[in-house]
Amino acid sequence: MDTVIRGRVWKYGDNVNTDVIFPGKYTYTVRDRADMGQHALEDLDPSFAAEVRPGDVIVAGRNWGCGSSREQAVVCLKMKGVGAIVAKSVSRIYYRNCINEALPALTSADAAEALQRGDEVEIDLARGEIRSARGVFTFPPLPEAVLGIVEAGGLIEFTRRRLGLGG
Amino acid sequence: MKMTFAEKLLARKAGRPSAVAGEIVEIRPDVALTHDNTAAIYQTFKKIGVSRVFDPGMHAVTLDHAAPAPTTEHAQNHKEVRAFVQEQGIRDFFEVGRGICHQVLVEEGLSLPGEFMVGADSHTPHAGLMGCFAVGVGRTEMAAVWATGQIWIRVPESLRITVNGRLQPGVTAKDLALRVIGELGADGGDYMSVEWHGEGVLGLPLHERAVLPNMMAEMGCKNSYIPPDDTVFKYLEGRARRAYEPVHPDPGARYAVSHDVDAVSVEPMVAKPHTVDNVVPLSEVEGTKIDQAFLGTCTNGRSEDIAIAAEVVRGHRVAVRFIVIPASSEEYLKALRAGHVLALIEAGAIFESPGCGPCMGNHLGVPAPGEVTISSANRNFRGRMGTRESDIYLASPAVVAASAVAGRIVHPREILARAKGA
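These protein sequence lines map, in sequence, to chains A and B.
Using our numbering, you'd call the opening residue of the first sequence number 1 and step up by one each time.
Using our numbering, you'd call the opening residue of the second sequence number 1 and step up by one each time.
Pulled out of the complex, with its shape left as it was, chain B reads as follows (with noise of 0.2 Å):
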């Protein structure tokens, strides 16, 4: 029978020959992720009654919600996260600075083409970037698999999103991510496994590829998927820890949903405030004035989005906050060689330690009651970076670049056709 990726994925897992959408099975996960909600699962752990886990291989540990430590109590829960890691003999644990666990995953080699991994995160399925099947789970289900080394999944339908020619110059992975939520709906992708497919996506490099997947999260899906290519391949020569096989999908295979996209089509698009599927193209938010601007997270925190804003700033004064958090320690050492984080200081800009930083709200430049952030995040839900009272806006990064500039929420190429030093 014709299966689709998660089909085919999820009968190997399993051990048989085919697996039908609406099946369970129980399997094995390659790597369960936890991050600094680790001490509190090992919490939920105790409560099942056996002191080891079932395989300290499996776990990959981050400290990077809250990191470093911004309070006595969030240092106290690293502290136990060490011991946690320490006591059950955990190889790969990362510790504050090496950056967001999403990514520090795919950097590790541990994110594999045909791998399973489950994740006590939401954003678990960025990791499908590689072609890797990634799903977040609660607390609770992640203790269990702590102990037993199992899990049961439920076979998702399949949401085929089909990107038919290139994107534009100037319009990013971020654009198209936020125009498809915008069309389905923040449950257009519920419980379904999200394949992307096309030039459009398969045209893209993988900096750009992870924001899809990335960002599938908030349509609600159980994971996302890019079919992995030879860029991918080659990103994992020296990487990869272990050999692995790469799943993909049956031609014939049988999706609950297909989307096209034209990608010419796709132009600079925000989210408005307070959901992420309140969609509107760049050139109805103009002029919005705010307070800050937010570089960074897992969905634009690397390297080249940084390489981004530097091109845009370059020769310019920041005229608000710009706060730039690199994803990993990795990317932040590529953009300091590459000269970016000079030239974005230069201009103003103001760089934190890796890790997720005000993404959620807990420190590193979170905004006042009736201040408005434009961000390069994948949510912009009420309180989400600490006060109700504010608003966010989300935008590629060359879009944060430039209305971090401006002072208001702009188009890159009012910035760029700006004299330098004006």
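Isolated chain A (complex conformation) (with noise of 0.2 Å):
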């Protein structure tokens, strides 16, 4: 995985539970992680799912990701190609969801306050930075160890690296 996401912002606000990230009623119904892609977003922003790019990033206010630790909340961004989350604070289950699926989620207030829907941004993971034309912000950069976990692909892929098992 690259170190730097390029991308449009989807910009939404506090609070967003997984309920509306991924619908609770798909939870044991929708078991292809593929196809949870279809549904993400489905109850916060309809037209989400059908116009996300890969490399867009998801930019929200407060507690993003609370509710149900459900990891398909994870995934179904991660399989639209989503490539980072910057938010002003991330449930703590589902940050720690997001970077065992490998999915950077950065908290940067200034970021999460300046940037609009449909702002180019580039975020590089190394350096902890991510520009944009209303400037340029910092965040506290991932330790190589986080960072090895989503180039990894995940944390399982990434352990199995880690004690020389393949990869």
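Note that these hints are calculated values from the structure, not bench results.
Relax, there's no trap hidden among the hints.
Computed list of lysine to aspartate or glutamate pairs in EDC-like fashion (alpha-carbon distance at most 20 Å, straight line): (1) A:K11 - A:E42; (2) B:K234 - B:E304; (3) A:K88 - B:D187; (4) B:K334 - B:E208; (5) B:K46 - A:E157; (6) A:K88 - B:E23; (7) A:K88 - A:E129; (8) B:K234 - B:E330; (9) B:K47 - A:E151; (10) A:K78 - A:D32; (11) B:K47 - B:E80; (12) A:K78 - A:E122; (13) A:K88 - A:D124; (14) B:K420 - B:E346; (15) A:K78 - A:E42; (16) B:K2 - B:E23; (17) B:K47 - A:E157; (18) B:K47 - A:D32.
Bear in mind that the values here come from a model prediction, so they are computed numbers and not experimental data.
These two chains come separately, so use the hints to put the complex back together.
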């Protein structure tokens, strides 16, 4: 995975819960990871799944991904090619699920405030920078170990490589 | 620099002079807790491609969530957990009947001041009672911990709750926890390390303190912490598995949020259906008819909770099903020896073996559709006890027991004032 992400901003508000990111009614009927993308943000922004492009970035307010711990709420975005989530804060379990699924979840209150829907952004994971026409915003860079999880494509594969078991 | 508990503990575990909220550190957990979910985690673990866990001594495994097994499928699951434990040489395995993981790990001297625990359970922050940094994770995360003996942790911001003054007689830590959750909301502690300070907390006995970090999971916390003091150190004499080094936050450390509570103003509180932050004073729901009362869980299933219930019901008969489940075999024995179990059974209560029981709808007293339960547990989400068509009210043990006698939600003083045998 590239450590520089380029795409457009999709902007949302505070306390977006996992039910509107990936509806609970699909949790036992949609089991294939690729199919999960079709329902991404279905009850939040019906235009999203059809119009999102690989590399696009979710920009949100406080507590993105609160509620249920369902990992499908991360997988559905990843399957649509979302490059990163930038939020004022990310709900704790959602945050770890993101990393373990290799979807960067970054916290920058300034970027979350300034960036607007449709903005072109470039995120440099290694340097800890979000660059846009509205300015350059920083976030604490991911340490090598965590960046490695994202680069490996998730925690299981990362762990396999770390233990010298292939990849 | 001045550090919070979370910053100081994680810096120490990472072998660094300091750590700041927002940074990520990689550390080796002292304890890795799993329960009935152990067999499922083992399946994910096997995908990594190693055959042996990194350190069997790090593991603590309990069978508590549906124990004794209610169905053949549950029994098969338990069997696979036992096979895993035996195969990997895990010593700290606690069988069916020993009790709920969070309580058992405290009793077994595995929840220690200054240590770091990772648990595949959302109420893992309970161990903050002992000054342990204890955090819940998902199953994939735990599988990786088993394989590598390492976990990465983002240093959390901290919420400092100061409880000034003392709780009034008849008001409990459960009421305090509910009051704070009602004030701050279900995301009021999201991602944060929630520290409890003040004489209103440190003046409480251990069984009462336990309720506070336990229930911070309902505010979205990462971990919760009560500064360990002589009460903790004394409890750990003869129990602690190893030497430990407590961690206390620095005076002047930076907190993201500070919240003060006047203990004297806390009254008996109840969480109404269907969220834990839907909190009202007991007086607002008095008279609500109930079909069942449940006393137990990691939140309020200790012998002192059972003692309070026994005091309330002694000399009365319960009007509805009153299910009592001790949090552990040790607590069960204490309640037995003190005569509290006898008093409760004489009043018509039902005792079940230690474990989580009906808390998340597995067995031992799930409600029917349309029924109302008053419970000493920590969650009242729709469907939590098995059917989405039932209501759960959360309250302190005294309110639960008094309501069992009345058949409706009542203040304990109403039952205590009744003539015995009435």
